[in-house]
Every structure is written in structure tokens, then in C-alpha cells.
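Participant: Protein chains in written order, with our numbering: chain Y, 170 to 335; chain U, 74 to 551; chain W, 100 to 211; chain C, 19 to 653.
By construction, these hints were calculated from the structure, which means they are not laboratory data.
Keep in mind the model is a prediction, meaning the values are calculated, not measured.
Wrong hints could be hidden among the right ones.
Said to hold, decoys possible - Derived EDC-like pairs (lysine to aspartate or glutamate); straight-line CA-CA distance at most 16 Å:
#1 U:Lys232 x C:Asp607
#2 Y:Lys193 x W:Asp202
#3 Y:Lys254 x W:Asp204
#4 Y:Lys254 x W:Asp202
#5 U:Lys497 x C:Glu304
#6 C:Lys599 x U:Asp365
#7 C:Lys431 x C:Asp607
#8 Y:Lys259 x W:Asp204
Said to hold, decoys possible - Among chain C residues calculated to face chain Y with C-beta under 7 Å, some are:
#9 Val640
#10 Leu644
#11 Leu647
#12 Thr648
#13 Ile651
Glycine included, each C-beta is placed from N, C-alpha and C at the ideal position.
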Amino acid sequence: MAAALFYALSLICIVSSLIMIFHKNTMYSVLFLLVTFFSVAGLYVTLNAQFLAIVHIIVYAGAIMVLFLYVIMFLNMSHIINFQKSKAIKIAATATGLMFLLVIIAALSSATYNGNVTAGHEIGLASTLGHIIFNEFLIPFEVSSILFLSAMVGVVIFNKKDLIDE
Amino acid sequence: MGVLLTLLIPFISAILILLAGKNTSQKLAVMSTAASVVVTGILTAMYFKDGAVIAGVDWPWVSSMGIRFHLEADGVSLLLLLISNVVALISIYVSLGDNYKNVHQYYALILMMQAFMNGVFVAQDLILYYIFWELVLIPAYFLLLGWGRHDKIRSVTLKFFLYTFLGSLLMLVGIIWLGSYNGTPDFSLNAIYGLSLTTNTQIAVFAAFMIAYAIKTPFFPFHSWMADTYTAAPAPVTILFSGVMSKMALYSIFRFVLPVVPDAIATYGPFVMQLAAFSVLYASLMALAQKDIKRMFAYVSMAHVGLIVAALMINNIEGVHGALMFMAVHAIVTSGLFFTAQILFRMKGTHDIYSFGGIRQYMPVFAGLYMVVLFASIGLPLTNGFIGEFMILTALLKANTLAMVLASISIVIGAVYMLLTYRKVMLGQDNTSGNFSDLQHNDKFLFLSIAFVIIFMGIYSTWITQLCDNTVLNIFQP
Amino acid sequence: MNETLITPDLVMAVPLEHYIAVSAILFSIGIIGVLMRRNLIVMFLSIELMLNSVNLLAVAFSIYHNDSNAQAFVFFIMVVAAAEIAVGLAMLVMIYRNIRTIDIDALKQLKW
Amino acid sequence: MASFDTTHIISLLVPLLPLAGFFGYFLYGDKLSESKVGTLASGWVILSFLLSLVLFGQIPVDGAIQVNYFNWMQAGSFTVPFAFQIDQLSVIMMMLVTGVGSLIHIYSIGYMHGDNGFSRFFAYLNLFIFFMLLLVMANNYVLMFAGWEGVGLCSYLLIGFWYKNPEYSAAANKAFIVNRIGDLFMLYGLYMIFKHFGTFVYSDINGMAQSVFNADTAIIGIITLLLFAGATGKSAQIPLHTWLPDAMAGPTPVSALIHAATMVTAGIYLIIRSNVLFALAPLTNEIIVIIGLATTLVAGMIALKQNDIKKVLAYSTVSQLGLMFFALGVGAYAAAFFHLLTHAFFKALLFLGAGSVIHGMHGEQDIRKMGGLSGKMKYTHITFLIAVIAIIALPPLSGFFSKDYILASVFGKSPVLWFFGALSGLLTAFYMMRLYLLVFKGKSRMPEADAAKIHESPSVMLMPLYVLAGLSALGGFMNIPSIFGGSQWLENFLKPVVSLSELHIDHGTEWILMGISTVLVLGIVFWTYNMYVKKNDVPESDAVLATMPFANFLNRKFYFDEFYDAVFSQPLLKFSTFIQKWIETSIVDKVTDSFGMLSFFLSGQVRKLQNGHISFYLFAMVLGILGILTIFILL
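Bound-form chain Y, shown alone:
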């Protein structure tokens, strides 16, 4: 049952991401990426990482996707975008990606890892992660808030019209 769930989610994930990269309409791409995100969240759940699954949905599906959609709306680009790379480049890109896949698979298959470690029951829980983040990773956590702040400032400055015009 769990295995079936994993395979189903994986399939959805892969298919929707493929549609995402191949679809001509940007809007559809975004929406299919959303599907991918949700299925990745599902995979997190099958991995017993509930907290990350929730955060994932909130951050990606909630925040990032909204940003993308805003930008698309902002640029008024809901129509089909016609500029495409030439066939040769597309084939080259696909070939490169597949070669990459091959190399990664080759690399990982030759690696050895201790597969017989028992999976932890509770490491994916919010409380466990909260302990870790607020004990071991407190400073990075705080720093990440500064990162957000600076990103915010940066974005505002970037798009301040009068600054550009000056």
C-alpha cells in the first residue's frame, strides 16, 4: 500500500514536471509545477516527514507559486509564449539532461551506504525538528530571517520606479 502510494506519487510528480517544462503556456507550467509540489509533499509524508511536508506546501504552493502567478499577471503573460529554442538545442538539452541522469545514477549506484539503518519514528515530527532548529541551528535560523529581510529590501529597491529612472 505504502509502496503503491510512493510509486503513484512519483509518477504524478515526474509526469507533471515533464508537462511543466514542455508546456507552451507559462500559466500551465506553473500550475503543473504546483502539482509536482503537492506530490513531493506527498512523498515527504510517505517518508514520515510531516512537518516538512506542511512547510513545503505553505512555502512553495502558498508563497512561491503565488509570487509566480503574480508576476505572470503583472507582466500580463497568460497567453501562449511562442519563442522556442531550435530543435537542435532542444535535443541537445534533452541529451544533456539524460546524460546527467545517467552519470548521477552511475555515481550513486557505485556508492555504498548503510541501508540497514532503522528509520527513526519521530525525526520528521514538528517537535523534533523544533528542538533541533531552536537548539542546534538557532543562529542560522535567525540569520535566515535577516536573509528574508534583506531579500525584501532588495526586491523593493529593485522595483522602485523612480530609482530606476534617476
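Dock chains U, W and C against chain Y, hints included.
Facilitator: Positioned in the frame of chain Y, the structure of chains U, W and C alone reads:
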């Protein structure tokens, strides 16, 4: 400390001039170079009196690499110091006659160049030597770029800088090789002299050093930077280039090549000797073909230094003495030649031989002094040019007849181009108008002094041999 | 909430290699997307996909190695990704304002 | 350094006094009046002459005075002393140089009167005397070479004295450069001497000559040949003779002093000085004979056709010098030296006389436009006549004795050589008589207005003429041959320097030879008199010469100048331009620049990678990662 003074005086003066600004720069520069000459003269007198090497400073510097800040002046170093400082004084004096933009920077750079060149001649540590060697390039580069006269001054400067710089990199490889030959790095001159190198190592080191020196000297076929650079540079800088900068390479051959790689010289010395001798002939022919008087003098200078290289490659006492003598001679004579070109340039704003004519009737003093320099350049006896040339060619015949014949043909060709030029420029009727007042004040004094030195050295030259004798003997009879 | 909502057996039902494979495939798809599209927005999306595949791998390793630090890292990666997307999209908007397109190949000024 | 006794000081003063005159020019040249400058300049030389006389009295019978001053050059085993050797040979040369020199100085006071460069002229003359004295007084080859080149320098300065005339300065350049070619060979000779002898000092070399000769017989031959090549340059022998006729561009006193009496004889002096070496080199001697003979005949023939009074004398000088070399070649050193001295007297006299004529005629030098001057310039005429008789070797003037001495010596070697020597004498007789008759005899061939202006030269110019005329007439008595019951004073005096020539022929033969040559010369004299004076239609009668075979050949001076121009000068200039154009700019510069161009090219290629396309960068990045990963896997 006296040795250190020869570096510090021009260096500190350069900084002072930069700080003091344009108004006092000429005075400061003259005073500084005069002081350097006096200090060097005192050191030379001390050397003659005691016969002992003038100890300078010996401070540890980069101990882990075996590099020391070690300055010392023996007879040959003193000779080269004398050349360097006297030529710098001449150069400054020549500069007084012209108006340069940013005059304080100009003088500061010249003094800086002088300081570094002095450093090359007294460094007793190969890395220190190399640092001075390359430092010379920096003021030279800016002097050429900032005050040079050429429609493609940037590319000329770039060629000069890159060519000589790249050549020196090979030398650095050679230096590091030598310094670390025994495992523990030690770059002091004595350690290098003490090495016993295999023949193959010697040949490699010889090649690495000689390419650097062949470019700097320069001789055929490494000379293609020379003519443009010498022509483009302002006359005082050209005087420094040909008078001292080329001596750096010649001195280095004497100091770092002859004693270190005797076997390689025994094998390949004759080849280099013949190449240099051919360079003499080649440069003479090139001089014959020039229409620009400064360019012609550049090739004359090249012919002379080729002769010196050939003499050094003889690698015996007579040859080396001849070479050292000719270094002193060449410094004075080329200074005179380029000064001549500059005086002509001031008249008409050009170096084109064919735009002059009949100047002698307006400028008899200049005509006479030019003639002294001219005849010194083609080696007329009782001028210093003859002494060096004769010593070298005599030694050269004993060593290598082919090289002697190649080099000596320039005796005739030299007379041809020099006299043709003199006739074109000075004799005949005046064919144009121009500013023809005879030499005044500074110029007259300077030119008279040059002529005096030329004749004085032509008659009494043995003091130079005596000055260098101990050092030369040390090399050939360790 | 029941802690045994998903049992360890369920987790271990799928071998780790399969998670690796899925994330590798996703990553490669992301690469293909970046390389073959001229649309800046889709390229951003592909980059997000690659980040996600890495996150997935990290979480999988974390579970199979019983190490919760990796999940903290994943958390931080999400943080960085969010910031990156915010700044990136801002730049995208600005590029669009300047050259009126989001075609990556129209950006040829990136040389000296 | 030896202590300085009086001999040291005197022998140093001899050359230094004229040098002081030269430097004095810079002090007083512009300030004093002409006559004072002239007197001072002559005074230095006359003083020097007097000191030479003193030294003459001090010469030991059987040796030389060696005076050492300091080392001129010194390096290891290489030493060149600055030292003088005053022996029989050099003391006579010193007296000749300073004696004739002072006469010509005095003459020049008159001749150069009113010239812009009056004091400069005297400075140059003084400098010349200094260098000439250095040449003859030196005790080693290098110091002699200093004088040797120095006189070349003065010759250059004086030929180009009127520097505003470009042809004159061209002639000066030619003189210096041709001399330089000879000097180059001489330098080779000097280097060879050092290589094999290890010293330059005459006495040492003479002492070692035999042992070096024994070690390798060829070496002495090469050295002497090189020295002789140097001598051909200075003494204007074929093939380096072309400069001397052009050198007549200088003021006439210069021609008399430098290009007749002193400098051009330096080559003869050199060979006499090195007679020990030359005696060991039979091949060189034969070459000298051939060159000397060729020169004397060729120059004599060219002189037949010259119409410039100074050119005739110039070729005559070349011819006489050739005769001297001819004598040297057969080993008659004393005879050559004797002729050198008498030639110095009468040739200087001829030139000064010619100068007087030119002066009187206000610069006219073409003998076709002269004629009948004997009445207008009486004293010049008489002295000139004496010189002519001396040079064509009629007894009892000096030229007769010296030329006869040469011919007698030559006959001892080979009658064929004697024939050629005598032939040269006949040529001399012809062109000298032609010159004399065209200038002084016959009808005046110039416009009346010009003829009226002709005047005799001032006494300051005539006085030297008298002295030289006296010397030309009586100079032969220095060395009266035994056939006339003479003691051969000169030859005996030179004995310490020059071994006696062993080529003595018996008196009967000598009488016959003497008679033949004298009769022939007299015949020529009458022939020319008939041709140029009796017929009165000169210069048309020169058509006789024009119809001669090779007339054009003679007229163009055997095409030497053209030949050298076509074979050496032009190719040299062309070659240098060729090198400049094709080797320097096309090969050397290009090769150097090509390294720079290569790096420009490569960086240009690499730069194409950075094309600004983000997608390209992305591809590059991915492929790079791919590559790195692949490498890791494969490792």
C-alpha cells in the same frame, strides 16, 4: 652604508620631488644626481685607496627562502655605479633644456629608475637583484608612456614592456633553479658561485639567462623592441635606456653568467659570440638605412652593445676588460649621440636627417662637439671609442676569427653612415630656416664635459682597468 | 494526532534507491527545462524543481539514516529558495521593464 | 715609470707644441688678428722643428731613444704603452714633417689670407702635425695607428675645409672612408700581431720575428700583407687610390702638406718601419712590387689626360708613391726612403707653386686656360721649374739621385722591372712637362681682362718656395751614390733601422742605365716642347692624346670610381635598405610581433566563448559539471 646611499639618495629625492611639486623639481633633480655622482666618486676613491670591497648592508629579509637584503660594491659594481649615476646626471641635464608636462613626475620617475638601476649593480642576492631588475621597468614604462613621442606610443610601450618582461621571467626560472639547487634555498651570490652544476644544468641556466639578457641588451634577433622604444622615448630617457639599462644586462652577463656556467659558455659561448658579432654587422647595416637620426643612433648603440656581448663571451681576462671598458665608453658616447639628436630635434622638431643641412655655419661649437662624439662612436684613436673597440677586437681575434671579422666590418660601415649623416645634417648650404642659435649655458657645458671625458678616457683609460682588475681576477682565478 | 499514522514498515517498504532515482529524474528534468526553454519564468520553475529534488533526497537520507539534521537543512534550503525566488522574480520584472521581453536569448549584453 | 729627464720632456714637447696650437685655437682663434694667429700657429711648428733638431743631435749612433710615459691600454697580458721611439728613421721623418710643415704654415698665412676659416685652418694644420708626429714617433703599432687615423681625420677635416660646398665634403667623406677600408686591414694586421707576438712594440716584435717565422711561416706573410693593405689606403695605391685626386678639393697648402709630402708617405714609413717583418715575407714583397708598379703606371697614364693643375699633381703623387712601393717591394728600403724625402721636397714645392698660380689667377685651376705665366709670375715660375726638373729626374737635382737609386736597385733584381720603372719615369716626364709648358710657356689663353689681374704672390708665400726649391735642388746630396764618389750618408745613417740593400750593381751598368734614362727624359722634354710650345695650338693638339688607344679609358681614370660605385657603394646602400625593408620589418619584427599577434588571436578565440548568451553559459556550466562528475566516476 655608502652603497645604500647610492640607492637612497635618488629614491628619497624622487619622493621629495613628487611632494614638492613642479617648481623646485629641476633643482632637486640636479642636486640629487650630482650628490649620487659625488657619493659614487667617494666610494671609488675609497676602493682605490684600500683595495677592499665596499661593504654595504646585509640584512635578513625572507629568511625561510634564504633571501637577504645584501648590497655590496666591488670594482666592477663601482664602475657600473659610476656609469649609472653619471648617465643619470647627463640625462637630467639634457632634460633641463626641454619643457615637459608634469615635470615633477617626470623627474621623480627618472630618479626612481636611477635608484633601481643602482640597486641592480650592487645587489648580492639573486632575488634582490631580480626585484631591482624588474622594478626598473616600472618607471621606464611610465616615462615611455607618459612622455614618449610616437603616434602609436601605447603599442610601442606595450611591446617594450612585455618583451623585456617576458624575457626576464625565464631568468627568474633560472634564478630559482640555481637558488634551490642544493635543496635548501640560498640565493646569495657566494652560494651561487659555490655551486657545482652539471653540464646540462649549466646549459639550461645559460639559455634562461641569456635570453633575458639578449632581449635587454639587445642583440640580433631579439632587438625589435629597441628601435621604436629608443626613438619614441624622450631623449633623456633614451640616454638612460641605452646608457644604463642595456648595461644592466651586460653587467649581469659578467656577474651571473660567466662565473656560474663556464662549461655552457665553453660549448655555446662561441655561438652567442658569433650571433652578437653578426648583430654588430646587422645593426650597422640597419643604421646605414635609417632616415631618422635618433633611430640611426639607436642602431649604432645596438652595434656597440653587440660588440660588448661578443667580448664577454670570450670569457678571458682581456675580453672581459675590453667589455667593461667599452661599457663605460658606450655609456658616454651614446649619451652624446642622443644628446646630439635632441639638440637637432629642438631646432626643427624632427629627427629626419633630410630636413637638416648647413647647420655648421650657424653652430660651430655644436658642430665641433658633434664631431668629437661622432668620431668616438666610430672608434677614432685618442677617443675612448677606440680603446674599447681595439681591446675587444684584439681579444676577439684570438678567440674567434669569424666573430672578429663580422664585428669589425662595422668599423668601415660606421664611418660611412656617420660621415654621410654628418655631411647631410651639418655641412653644405642651409636648406631651410630654423632656430639656429649655438649651444648655450647648460647644453654647452654638458656637451663640453662629454667631449672632455671622451678624449680623457681615450688617452688615460687604464684607471678603469685597474678599478675592475681585482674583480675580474677573482672570477678567472678563484 | 496518532504517532503511528505512518508506520516504519511503511517507510521501509520502498528502498532508498528508489527515492534516489526519483530525485535524480526530477533533477534531470529540471536541467532539461533550464537548458531548453527560453522563457525566464519556466527556467525559474525548473530551478525550483531541482531544489525540490535535492530536498527530497535529503529528507529520504535523513529518514533512512535516522538523522534529523538533514531535515533542518531542508528547512533552510526552503528559506533560501524563497528568498532567491523573491529576488529573482524582482529581477525578472525589471528585465522585462527594460527590454520588454522575458526571452533569455534577448539578453546578450552579458559580456565585456 | 721612468724618471723624466730632458729627453723625455723634449720628445713629449715635439708633438705637444702643435697640439697646443690646436687647442689654442679655441682660446684665441676668434680674438686675434689673422697675422697673429698665423704667426702663432707657425711658431708652434717651428719650435717643434727646432726641438726635433735637438733630438737629431741626441740620437746615439747605434740605437734609439726610448721614452716611456704611461700605459695607454692595459688588461691582463695585453699592454699598449704610450711611448716614443726616436731613432734614425723617425727623427728624419720628424724633421721632414715639422720642417715642411712649418714652411707650409708660413705659406698658408699668405694663401689663406681673408678666408673666413683662417684660424680654423691653422688649428687643423697644427692638429695634423701633432698626429703625424705621433705616427712617426710611436714606439708601437697601436700608437702609430692612433697617429695614422688621426692624420686621416685631419685630412678629412681639411679636404672638407670649405664645408659649404657639398662636393668638397663628399670628397672628404670619400677620403676618410677609403682610408678606413685600408685601416680595417691594418687593424687586422695589428690584431694578428698581438695574437702571435703578444706585444705591439717595434723592438720586441723585431726581436721575435725570426722565431715566429720559424713557428709558422705563413703568419708573417699574412701580417705583412694586412699591413700593406693598410698602407695602400693611406698611400693611395691601387686599388684604394681613388680618394687622393678627389682630395684636391682641400686648400692647396693642404694638398702640399698632407697629400704630397707627409701623410701619404705614411704607408712607406710603415713598411720601412716593419722591414724586419717584410724581409721575411717574399710573397708580400712580390705583391708590393706588382701593386707599386701598377699604381705608378696607371696613375702616370691617367695624369696624361688631366687638365686640372692639382689633379695632375695628385696623380703624379700617386705615381711617385707607387714607385716608392715598387722600391720597397724589391727590398730597396733606403732608396724608397730617399725618394720619399726628395719627393716631399719637390712635390710640396710643386703644389705650393700650383697654389701660387691658383692664387695669382684667382682660383682658376684649368691648365687649358693658362699659359705664358712665366713672365707674370717670375719667382713662382723659377721655383716651379726647379721642381719639375727634379721630378723628371734630370741631374743634378734631387729627384735624379733618388730615382736613379731606385732604378739601380731594381735593375739588380730584374731588368724587366727596371724597364717598367723607367717607363714610369718617362710618363712622369711627359705629364710634368705638359703641365709646366701649358701653364708657364706658350701664349696666354685667357681673356685679357683676367690676364691683367694676374699677380705674383706675396713674399710670405714665396719664401717657403725658395726654401723648398733649395731643398729640391740640393736634397739629393744627402745620399750621393758611390758612383759619384759619395758617401751615401742617408743610407748609412739609417743602418740601425734598415739593413743595407744588397742589390748593388757594378758601376759600368749603372752609368749606362743612368745615361739611357736621362737621354730618354730629355727626348720627352723636347717632344713635349715641340708639341705644346712650338705649335701654339694647345689644347687642340691634345687630340694626339685623344686618338691614342684607350683614350677614353684614361679620361675616365680607368673607370675606378664608376666601378667602386657600382660594385661597392651602391650595393652597400641598397643592401642596407633591403635588410631594413625585408629582414628587419618583414622577418625580425614580424616574428616578434607574431608572438603578440598569436596571443591576441588566441584570446580572441577564447573571448568568443564569452558571448553573452546566458543559455550558452548554462550549457557550459552543465557540461562542465558533467565532465567533472564523469572524471570522478572514472577515477
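Participant: Run every hint past the structure and note whether it holds.
Facilitator: How the hints compare with the structure:
At most 16 Å may separate the alpha-carbon atoms for a hinted pair to count; Lys232 of chain U and Asp607 of chain C meet this at roughly 11 Å. With a C-alpha separation of about 13 Å, the suggested pair Lys193 of chain Y and Asp202 of chain W falls inside the 16 Å cut-off, and the hint holds. The hinted pair formed by Lys254 of chain Y and Asp204 of chain W meets the criterion: a straight-line CA distance of about 9 Å does not exceed 16 Å. The straight-line distance between the Cα atoms of Lys254 of chain Y and Asp202 of chain W is roughly 10 Å, inside the 16 Å bound, and the hint therefore holds.
Only pairs whose Cα atoms come within 16 Å are accepted, and Lys497 of chain U paired with Glu304 of chain C is rejected, the gap being roughly 42 Å. For a cut-off of 16 Å, the pair hint linking Lys599 of chain C to Asp365 of chain U stands: about 15 Å separates their Cα positions. A threshold of 16 Å between alpha carbons decides the hint, and for Lys431 of chain C with Asp607 of chain C the separation of about 61 Å lies outside it, so the pair is violated. A C-alpha spacing of about 14 Å is found between Lys259 of chain Y and Asp204 of chain W, which places the hinted pair at or below 16 Å, so the restraint holds.
Hint on Val640 of chain C holds. Least Cβ distance to chain Y is approximately 6 Å, under the 7 Å limit. A distance limit of 7 Å between C-beta atoms decides the matter here; for Leu644 of chain C the minimum to chain Y is near 6 Å, and the interface restraint holds. Of the supplied interface hints, the one on Leu647 of chain C holds, with its beta-carbon coming within about 5 Å of a beta-carbon of chain Y, less than 7 Å. Against a cut-off of 7 Å between C-beta atoms, the interface hint on Thr648 of chain C holds, since the closest Cβ of chain Y lies about 6 Å away.
With a least beta-carbon distance of about 6 Å to chain Y, the hint placing Ile651 of chain C at the interface is held under the 7 Å criterion.
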